[in-house]
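Enquirer: Sequence:
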Amino acid sequence: MNDLASPTTYDFATAEPRWQRAWQEAGCFEVPDVPDNAKPKYYVLEMFPYPSGKIHMGHVRNYTLGDVVARYKRARGYQVLHPMGWDAFGLPAENAARERGVHPGAWTRSNIAAMRAELQRMGLSIDWRREFATCDPEYYGQQQHLFLDFLEAGLVERRESWVNWDPVDGTVLANEQVIDGRGWRSGAPVEKKLLSQWFFKITQFAPDLLAALDGLTRWPDRVRTMQAKWIGRSEGARVRFPLTVPNAGMTDIEVYTTRPDTLFGMSFLAIAPEHPLAAAVAAADPAAAAFVAECRRLGTSEAAIETAEKRGFDTGLRVRHPFLPEQSFPIWVANFVLMEYGTGAIFGCPGHDQRDFEFATKYHLPIITVVAPLESAPREPGDSAYDGPGRICNSGFLDGLSIDEAKSAAIRALEASGFGTGVVNWRLRDWGVSRQRYWGCPIPIIHCGVCGTVPAAKASLPIRLPDDVSFDRPGNPLDHHPTWKNVACPRCGAPALRETDTFDTFVDSSWYYARFCSPAAAEPVAREAVDAWLPVDQYIGGIEHAILHLLYSRFFARAMRKTGYLNADEPFAGLFTQGMVTHESYRGADGRWLYPEEVRRDADGTTQHRDTGEAVTVGRVEAMSKSKRNTIDPGAIINGYGADTARWFILSDNPPDRDMEWTEAGVAGASRFVQRLRRLAEASVACDTTPPGEFAPAAMELRRATHRTIAHVTEALESFAFNVAVARIYSLVGAVTDADRVPDVPGMAYARREAIEILARLIAPSMPHLAEEIFARISPGAGLLAEASWPEADSALVAAQSVTIAVQVMGKLRGTIEAVPGERADRVVSAAAAEPHVARLLEGKRILKRIHVPDKIVNFVVAP
RNA sequence: GCCCGCCUGGCGGAAUGGUAGACGCAGCGGACUUAAAAUCCGCAGCCCUUUGGGCAUGGGGGUUCAACUCCCCCGGCGGGCACCA
2 MNDLASPTTY DFATAEPRWQ RAWQEAGCFE VPDVPDNAKP KYYVLEMFPY PSGKIHMGHV
62 RNYTLGDVVA RYKRARGYQV LHPMGWDAFG LPAENAARER GVHPGAWTRS NIAAMRAELQ
122 RMGLSIDWRR EFATCDPEYY GQQQHLFLDF LEAGLVERRE SWVNWDPVDG TVLANEQVID
182 GRGWRSGAPV EKKLLSQWFF KITQFAPDLL AALDGLTRWP DRVRTMQAKW IGRSEGARVR
242 FPLTVPNAGM TDIEVYTTRP DTLFGMSFLA IAPEHPLAAA VAAADPAAAA FVAECRRLGT
302 SEAAIETAEK RGFDTGLRVR HPFLPEQSFP IWVANFVLME YGTGAIFGCP GHDQRDFEFA
362 TKYHLPIITV VAPLESAPRE PGDSAYDGPG RICNSGFLDG LSIDEAKSAA IRALEASGFG
422 TGVVNWRLRD WGVSRQRYWG CPIPIIHCGV CGTVPAAKAS LPIRLPDDVS FDRPGNPLDH
482 HPTWKNVACP RCGAPALRET DTFDTFVDSS WYYARFCSPA AAEPVAREAV DAWLPVDQYI
542 GGIEHAILHL LYSRFFARAM RKTGYLNADE PFAGLFTQGM VTHESYRGAD GRWLYPEEVR
602 RDADGTTQHR DTGEAVTVGR VEAMSKSKRN TIDPGAIING YGADTARWFI LSDNPPDRDM
662 EWTEAGVAGA SRFVQRLRRL AEASVACDTT PPGEFAPAAM ELRRATHRTI AHVTEALESF
722 AFNVAVARIY SLVGAVTDAD RVPDVPGMAY ARREAIEILA RLIAPSMPHL AEEIFARISP
782 GAGLLAEASW PEADSALVAA QSVTIAVQVM GKLRGTIEAV PGERADRVVS AAAAEPHVAR
842 LLEGKRILKR IHVPDKIVNF VVAP
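Sequential numbering from 2 applies to the first sequence in the numbering used here.
Calculated from the structure, these hints are not laboratory results. These figures come from a predicted structure and were not determined experimentally. Where hints are given, some of them may not hold.
[What the hints assert, rightly or not] Cut-off 20 Å, straight-line C-alpha distance, at most; resulting in silico cross-link-like pairs (EDC-like, lysine to aspartate or glutamate):
id	residue 1	residue 2
1	K55	E571
2	K55	D150
3	K55	E119
4	K40	E788
5	K193	E119
6	K202	D150
7	K230	D209
8	K202	E192
9	K627	E571
10	K42	D591
11	K42	D532
12	K42	D128
13	K813	E844
14	K846	E836
15	K627	E545
16	K193	E177
17	K563	E836
18	K194	E119
19	K40	D634
20	K194	D12
21	K486	D468
22	K857	E836
[Said to hold, decoys possible] Distance windows between CB atoms, simulated:
id	residue 1	residue 2	range
23	H365	A284	25 to 31 Å
24	A118	R186	45 to 51 Å
25	P18	R677	19 to 25 Å
26	T691	Q802	22 to 28 Å
27	P18	M701	36 to 42 Å
28	Q802	P693	18 to 24 Å
29	D612	A521	49 to 55 Å
30	R677	I548	24 to 30 Å
31	P693	N38	24 to 30 Å
32	K627	A523	26 to 32 Å
33	I548	A750	54 to 60 Å
34	G543	A460	51 to 57 Å
Just so you know, even glycine gets a beta-carbon here, dropped at the ideal spot from N, CA and C.
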């Protein structure tokens, strides 16, 4: 296996594929579906990619991080499951079909082939036998199976929900396809439309999804907080406000509030534009209908609704107040009330809710203060609502109570009078999974005129997507297909129609981690495999998935447990969220975006176009995106520098959870380091590996540096501080370089060789090809590093010989002293006081306090 | 609008409440070279007149013998907001 490169230049272009073949032939990364009991298991998973056609730097970063973990854990003696697959359904394939006339399936398959080849060139330690794509019928058929089981278990429901509707294209729009309230292709104003859809009842698990966050100790705190807020448990009350005049069969409006203590501060009631009462009013009043229609053009996203100017329509209807029977209040339709949260209606308390305040100010509604801030008298309504602590006032029987006391008292009164109840409310909504699109997993349901909605027979799965579809018409191609949807009802045999909606692609990605354990199983998962491998020990991906994907996966694990597929209910025991890869952006003289390879930077710091010489403006550093053209093609980087260099630069640049900036200089630096290390190793080739009887001080110094580096790098890798691990490795390389300047002393050759071998082992997770190359060179015949164990630090060599103690006077550093580790406090303190500079400052001063932190610091506090 | 983060030299960053700036990039000086590249050696937070001193972790305040680190207020930047993945 060793036709090694010349010692002066490391030829990564031949070495990298050679080692990739060696690993593959040895099957280094293959693990069985049911792991061997002899070794502990470790499941490393990176979020699988969407096959857009090319890998981007975000992928390179993601898979490098995962590969470091996988290779490190393997060296630590774990059996490591490290698979790869494709999140292959989704909108871009349909866009490609509409724009370029290619079939979504063909487009996706060729993208997968191209991306697989690129990923393989990165030298990832993946068990490629487990690869699958979510568009494989073998996968999505099992997903249909799961859906039917969930349906039987009461975890699925069909109901109506609002979608963004493009009236010109006749299609449902994703939120991202709604731009300034208009469809992205047609430009037509978007409407909200009510569609009958399938929902996963994720809210069933809301209490558990919230409570179990506490157990996810290896998740970033911020992701846990984001999920907790998203699930959004709140305690409050449902309050019934009777209509003064019944309308459309309704006698009262129910409101949800977290502030029943402020009920006396009410000045209006507001309902969502989608509220049934709004519909009833609109039916009778054209002005109301116009307002509701206008709200429908706002789109369905919360951001759009809440950032829009607060607007309302006075219905002219009024409600009575449970605590103020002699008064009545107007009912408004308001664009900022969300139908999906609570009951779709609120009572407006402008004194103590900012949105209500803005609304009341705009429409000249009363603003009543009912909470007095503790420190001062009741404030005059100013330019904002007061939502801080205080005592209740202007509130009849609640006066003088604290906010919490008043909440309880108000709820008791509501319950006694039958006007309301205390409730726990969840912000989390059920997960609508129906999508009116072709390139997704067909929902296995049949609509029969006789039997209604009938689940497909499990024996008929997978329900495959038809290949012969056309995208030349608006709408869903499955719906226009001439024959696909025509089937016999599985229950009565009468002619019936298939559901033509497909699943949200988040469904596909909510259980793939389980499928990887037994990718060929004839059922969704092989029980023995998932019980052994799950949960995923380390999951790695972008923070942008902190809520939806991770929450849906947590729901799926629970649902699969309930339907008997799993033991685990948390899919990901450890989570790491990486930052984005960014790059400078460039614009030409005419303002158009330029690719980095079109730009030349001169020694004087000016930038210009490589070909035309025109001046180039360097823009800000931001996330790589096609539109800004500030992308770097990983394939070109691997061709030019090799996979190890790319991996090393990515790891060395900054902490992996922060955004990193891709720079040419950084890659070049990493590349120089690769060459330097390879050169440095050459001097320790064919060196005796028997420890000599004697080590000169310089040799011992190097050995101590080596073993301290093992300890430091190990600690850094364990805590995802990969940039620190890199720095420690640089330091050891520096120590070897320093040692090379010392004349050959006893034990130095051994110590140097040891340092090089340890370096090879320590870089093996990050730069696996270079590590193998060096290891094979200095330890011929010793096998593959990919299968070698992690080095152990010799604790005797790690222990410090002496420590530097900082000496402060009044907390300011005034000198340092050397001491034996663990030296007695009184001796350290007197030595510190004797330090010349310190002694001068202490002269004639009364010492009030002597603070001694062992092996760290001495601080003298003196009288002024 | 709501929610969640982040902010340290020219740049990326390091630092269990205990010597702020490890390590790297860029820079400067030197060696080697006819020259350049590569390589090797060295310097380097800012200010002041020094061998000394002062100021420095976005700004302001607090806790502490000691604060990048803990608490409060403010500012700037970024991410998410349910049909993009």
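Enquirer: Decide, hint by hint, whether the structure agrees.
Expert: A quick look at each hint next to the structure:
At most 20 Å may separate the alpha-carbon atoms for a hinted pair to count; K55 and E571 exceed this at roughly 32 Å. Pair hint K55 plus D150 does not hold up; C-alpha atoms about 36 Å apart against a cutoff of 20 Å. Simply put, K55 and E119 have alpha-carbon atoms about 8 Å apart, close enough for the 20 Å limit, and the pair holds. Between K40 and E788, the direct Cα distance comes to roughly 14 Å. Compliance with the 20 Å bound is thereby established for this hinted pair.
Distance check on the hinted pair: K193 and E119 sit about 42 Å apart at the alpha-carbon level, beyond 20 Å; violated. Pair hint K202 plus D150 holds up; C-alpha atoms about 13 Å apart against a cutoff of 20 Å. For the hint pairing K230 with D209, the CA-to-CA distance comes to about 14 Å; that is within 20 Å, so the pair holds. Taking the CA atoms of K202 and E192, the gap is near 26 Å; set against the 20 Å cutoff, the hint is violated.
The suggested pairing of K627 with E571 is violated, with an alpha-carbon distance near 36 Å, which exceeds 20 Å. Taken as a hint, the K42 and D591 pair is broken in the structure, with Cα atoms around 57 Å apart against an allowance of 20 Å. Annotation: proposed proximity of K42 to D532 holds, straight-line Cα distance about 11 Å (limit 20 Å). Our distance criterion of 20 Å between C-alpha atoms is met by K42 and D128, whose separation comes to about 15 Å.
With a C-alpha separation of about 16 Å, the suggested pair K813 and E844 falls inside the 20 Å cut-off, and the hint holds. A hinted pair counts as satisfied when its Cα atoms are at most 20 Å apart, and K846 with E836 qualifies at roughly 15 Å. A C-alpha spacing of about 18 Å is found between K627 and E545, which places the hinted pair at or below 20 Å, so the restraint holds. For a cut-off of 20 Å, the pair hint linking K193 to E177 stands: about 15 Å separates their Cα positions.
Pair hint K563 plus E836 does not hold up; C-alpha atoms about 70 Å apart against a cutoff of 20 Å. Taken as a hint, the K194 and E119 pair is broken in the structure, with Cα atoms around 43 Å apart against an allowance of 20 Å. Restraint check for K40 and D634: not satisfied, since their Cα atoms lie roughly 39 Å apart, outside the 20 Å limit. Distance check on the hinted pair: K194 and D12 sit about 61 Å apart at the alpha-carbon level, beyond 20 Å; violated.
For the given pair, K486 sits about 13 Å from D468 by alpha-carbon distance, which is consistent with the 20 Å threshold. Proposed proximity of K857 and E836 is supported: the alpha carbons are some 16 Å apart, at most 20 Å. The beta-carbon spacing between H365 and A284, approximately 28 Å, falls within the hinted interval of 25 to 31 Å. A118 and R186 have their C-beta atoms about 33 Å apart, which leaves the hinted 45 to 51 Å range violated.
The hint said 19 to 25 Å for the Cβ distance between P18 and R677, and at roughly 23 Å that hint holds. A beta carbon spacing of about 25 Å between T691 and Q802 agrees with the range 22 to 28 Å that was offered as a hint. Checking the proposed 36 to 42 Å range against P18 and M701 shows it holds: the Cβ atoms sit about 41 Å from each other. At roughly 21 Å, the beta carbons of Q802 and P693 sit within the given window of 18 to 24 Å.
For the hinted restraint 49 to 55 Å between D612 and A521, the CB-CB distance of approximately 52 Å keeps it satisfied. A beta carbon spacing of about 44 Å between R677 and I548 contradicts the range 24 to 30 Å that was offered as a hint. Checked against the hint of 24 to 30 Å, the pair P693 and N38 fails, with Cβ atoms roughly 42 Å apart. About 41 Å separates the C-beta atoms of K627 and A523, a value inconsistent with the hinted range of 26 to 32 Å.
Hint check: I548 to A750, Cβ distance near 57 Å, so the stated range 54 to 60 Å holds. For G543 paired with A460, a C-beta distance near 40 Å fails the hint of 51 to 57 Å.
Going down the numbered hints, you'll see the structure goes against 1, 2, 5, 8, 9, 10, 17, 18, 19, 20, 24, 30, 31, 32 and 34, while the others check out.
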